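Trainee: Residue strings, one per chain:
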Amino acid sequence: MFAAASIAILIVMFFLLVRVALGPTIFDRILAINTFGTAIVLLIALFGFLTARPDFLDIALLYALINFISTIAVLKLFRCETLGKSVDE
Amino acid sequence: MLVASWLLLGLGSVFCLIGTLGLMRLPDFYSRVHAASIIDSLGAILILLGLILQTQDLLVIAKLILILLFMMLTGPTAVHALAHTALLNEKSSSTDENHQLPE
Amino acid sequence: MLIRILIAASLLLILWVLLSGHMTVLSLSLGAASCLLVAWLFHRLALPDPDFKTLYFSFNLPRFLPWFFLEVIRSNLDVSWRILHPKLVISPVKSTVSTKILNDVAKTTYANCITLTPGTYTLNVDADSIEVHSLTQGTAEKLQKGEMKERISALQGRFKTP
Amino acid sequence: MDIETIVNFSLLTMLALTVVVLIRMKSLLAIVLSSGVYSFLSAGLFVAMDAVDVAFTEAAVGAGITTVLLLAAISITGRRQTVSKHKRFLPLAVITITGAALIYGTLDMPPYGDPMAPIHTHVAPHYLTQSSEEIGIPNVVTSVLASYRGYDTLGEVAVIFTAAVGVLLLLGRTAKKGEHK
Chain A
1 MFAAASIAIL
11 IVMFFLLVRV
21 ALGPTIFDRI
31 LAINTFGTAI
41 VLLIALFGFL
51 TARPDFLDIA
61 LLYALINFIS
71 TIAVLKLFRC
81 ETLGKSVDE
Chain B
1001 MLVASWLLLG
1011 LGSVFCLIGT
1021 LGLMRLPDFY
1031 SRVHAASIID
1041 SLGAILILLG
1051 LILQTQDLLV
1061 IAKLILILLF
1071 MMLTGPTAVH
1081 ALAHTALLNE
1091 KSSSTDENHQ
1101 LPE
Chain C
2001 MLIRILIAAS
2011 LLLILWVLLS
2021 GHMTVLSLSL
2031 GAASCLLVAW
2041 LFHRLALPDP
2051 DFKTLYFSFN
2061 LPRFLPWFFL
2071 EVIRSNLDVS
2081 WRILHPKLVI
2091 SPVKSTVSTK
2101 ILNDVAKTTY
2111 ANCITLTPGT
2121 YTLNVDADSI
2131 EVHSLTQGTA
2141 EKLQKGEMKE
2151 RISALQGRFK
2161 TP
Chain D
3001 MDIETIVNFS
3011 LLTMLALTVV
3021 VLIRMKSLLA
3031 IVLSSGVYSF
3041 LSAGLFVAMD
3051 AVDVAFTEAA
3061 VGAGITTVLL
3071 LAAISITGRR
3081 QTVSKHKRFL
3091 PLAVITITGA
3101 ALIYGTLDMP
3111 PYGDPMAPIH
3121 THVAPHYLTQ
3131 SSEEIGIPNV
3141 VTSVLASYRG
3151 YDTLGEVAVI
3161 FTAAVGVLLL
3171 LGRTAKKGEH
3181 K
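Here the protein sequences line up with chains A, B, C and D, keeping their order. Residue numbering for the first sequence is 1 to 89, as defined by the working numbering. Residue numbering for the second sequence is 1001 to 1103, as defined by the working numbering. Residue numbering for the third sequence is 2001 to 2162, as defined by the working numbering. Residue numbering for the fourth sequence is 3001 to 3181, as defined by the working numbering.
By construction, these hints were calculated from the structure, which means they are not laboratory data. Owing to the predicted nature of the structure, the values given are computational and were not obtained by experimental measurement. Check the hints yourself; a few may be wrong.
Covered by chain D, according to a simulated footprint, are these stretches of chain A (three or more residues, beta-carbon under 8 Å) [to be verified]:
id, region
1, 4-14
2, 29-43
3, 53-61
Below, simulated SDA-like cross-link-like pairs (lysine to any residue); rule was C-alpha separation at most 20 Å, straight line [what the hints assert, rightly or not]:
id, chain 1, residue 1, chain 2, residue 2
4, C, Lys-2145, C, Ser-2091
5, C, Lys-2094, B, His-1084
6, C, Lys-2087, B, Tyr-1030
7, C, Lys-2094, B, Tyr-1030
8, C, Lys-2094, B, Phe-1029
9, C, Lys-2142, C, Asn-2124
Ideal placement from N, C-alpha and C gives every residue a C-beta, glycine not left out.
Please construct the entire structure, taking both the sequences and the accompanying hints into account.
Mentor: So, in structure tokens, the structure goes:
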């Protein structure tokens, strides 16, 4: 079942990649990339159980956080045209 | 216990696939967000719950719960920031004729 | 401020123990030192509320969470059905929900809960209203009825005034 | 075919697809974001190959810091790729020759996971058996990085520190210019 779930996640990742390629707006791409991060967190967690090494979960945890940071950074760039100012300025 | 775990993993995968189908089928960005949030919410929750049922190690369970918690806290924030920025961008591009629509 | 730093550091220390799994004196003392350092470095960013308002807030959570989980499942099934339907029965609509009776924490929770249930997500959060995008007319009307808002305002407990 | 092979091949295929997608794009923002996908995929591949520490670094540096730094660079330059007017044959030739040399180099490599490969017969057994006695840390990778190869790591830290100082100087200057506007 781990294998089946991993393959399902791989299929999900493939189609998210298609969405990244197709766009059409940049927001579609960001949405797909953000979801891609979720998918890869799930894949790594599943893979850790698949190979009976749940210590991989540390990496899944790190990814769950990193993914958020890059998404917020790019959205801030959109909003403020720069990364160095606060949103209110 | 194990049967429940397999069931949760299978259901989670199915919801992830449905979400992806929605991401491909739905017509515009604002509705695609709904499809992506299926993967982020029930897909992720069910798969992680399924994994929690697989192990007796308390540390592993704690880490899985932490992953779930972080996802549930950061996911909606990221989606809201994305939708809000898209909305602002749409508004500014409708008033400003020179504004190029992002690709 | 010192108390807030200490609270933040001890929360971080719990995380440290959960992630490392080592309970030796050396590991714990190094962890405590780095947690204190991080809490001090980021004390301007965010620290736990000194009046513990957020703590009172969470006392009613056990009543809220199961309902919310069921709601997430229900909305997921609804959106999934709509995606799988060959004709794609959707009618996207934007609506506004008033949040006048909620305080800041409850407002944030409300906005996040709206986004967590597929079929609805927040587009804009103002001082006393939230703009929501819904996949169908039905989910928008359901949100207007305000069951979720009532349950979240019940979470506020004794700190009802905004 | 077992599932690990399937995962490996799917990740590699998606890696190649990501590169094609990256080449076809014109918007620099989309390119930076998609290179985050590339980092995520390659880190997933590292996990699949049991190189957990490398995956950790790839995730933090490749997907995290690099994305933010490149976005900062874009915010002070432009968002669109300019069409280059150079001749394309010379770069193509250089890349073809380098790629061919690299592929030729892999022919000499021992198969992946071969226990008799030179890297596994020289000092690795010593590290694996003695590190907990000599250093006293449960994680062998950490003891190799921080102790057996301490000078190497010191050099790396110096490089990273210099890079961080450089970035801070560059970004700090633009922030001050922004205030004058």
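Trainee: Can you confirm whether chain D covers the region 29-43 of chain A, using C-beta to C-beta distances below 8 Å and requiring at least three such residues?
Mentor: holds (count 7)
Trainee: Check whether the Cα positions of Lys-2087 of chain C and Tyr-1030 of chain B lie no farther apart than 20 Å.
Mentor: 18 Å, holds
Trainee: Confirm or reject the coverage of the region 53-61 of chain A by chain D under the rule of 3 or more residues with a beta carbon closer than 8 Å to the chain's beta carbons.
Mentor: That given contact holds, which follows from 4 residues of the region 53-61 of chain A lying within Cβ reach (below 8 Å) of chain D.
Trainee: Take the region 4-14 of chain A, compare each residue's beta carbon with every beta carbon of chain D, and decide whether three or more fall closer than 8 Å.
Mentor: Our answer is that it holds, as 5 residues pass the Cβ test (under 8 Å) against chain D, meeting three.
Trainee: Verify the proposed pairing of Lys-2094 of chain C with Tyr-1030 of chain B, using a straight-line Cα cut of 20 Å.
Mentor: Given pair Lys-2094 of chain C, Tyr-1030 of chain B holds - Cα atoms ~10 Å apart, limit 20 Å.
Trainee: Take a quick look at whether Lys-2142 of chain C and Asn-2124 of chain C sit within 20 Å of each other, Cα to Cα.
Mentor: 19 Å, holds
Trainee: Check the hint pairing Lys-2094 of chain C with His-1084 of chain B against an upper bound of 20 Å on the C-alpha distance.
Mentor: Holds - the C-alpha atoms of His-1084 of chain B and Lys-2094 of chain C are around 13 Å apart, at most 20 Å.
Trainee: Could you grab the alpha-carbon distance between Lys-2094 of chain C and Phe-1029 of chain B and see if it respects the 20 Å cut-off?
Mentor: 14 Å, holds
Trainee: Is the straight-line distance between the alpha-carbon of Lys-2145 of chain C and that of Ser-2091 of chain C 20 Å or less?
Mentor: The given pair, whose Cα atoms are some 19 Å apart, holds under the 20 Å limit.
Going down the numbered hints, you'll see the structure goes against none, and every one checks out.
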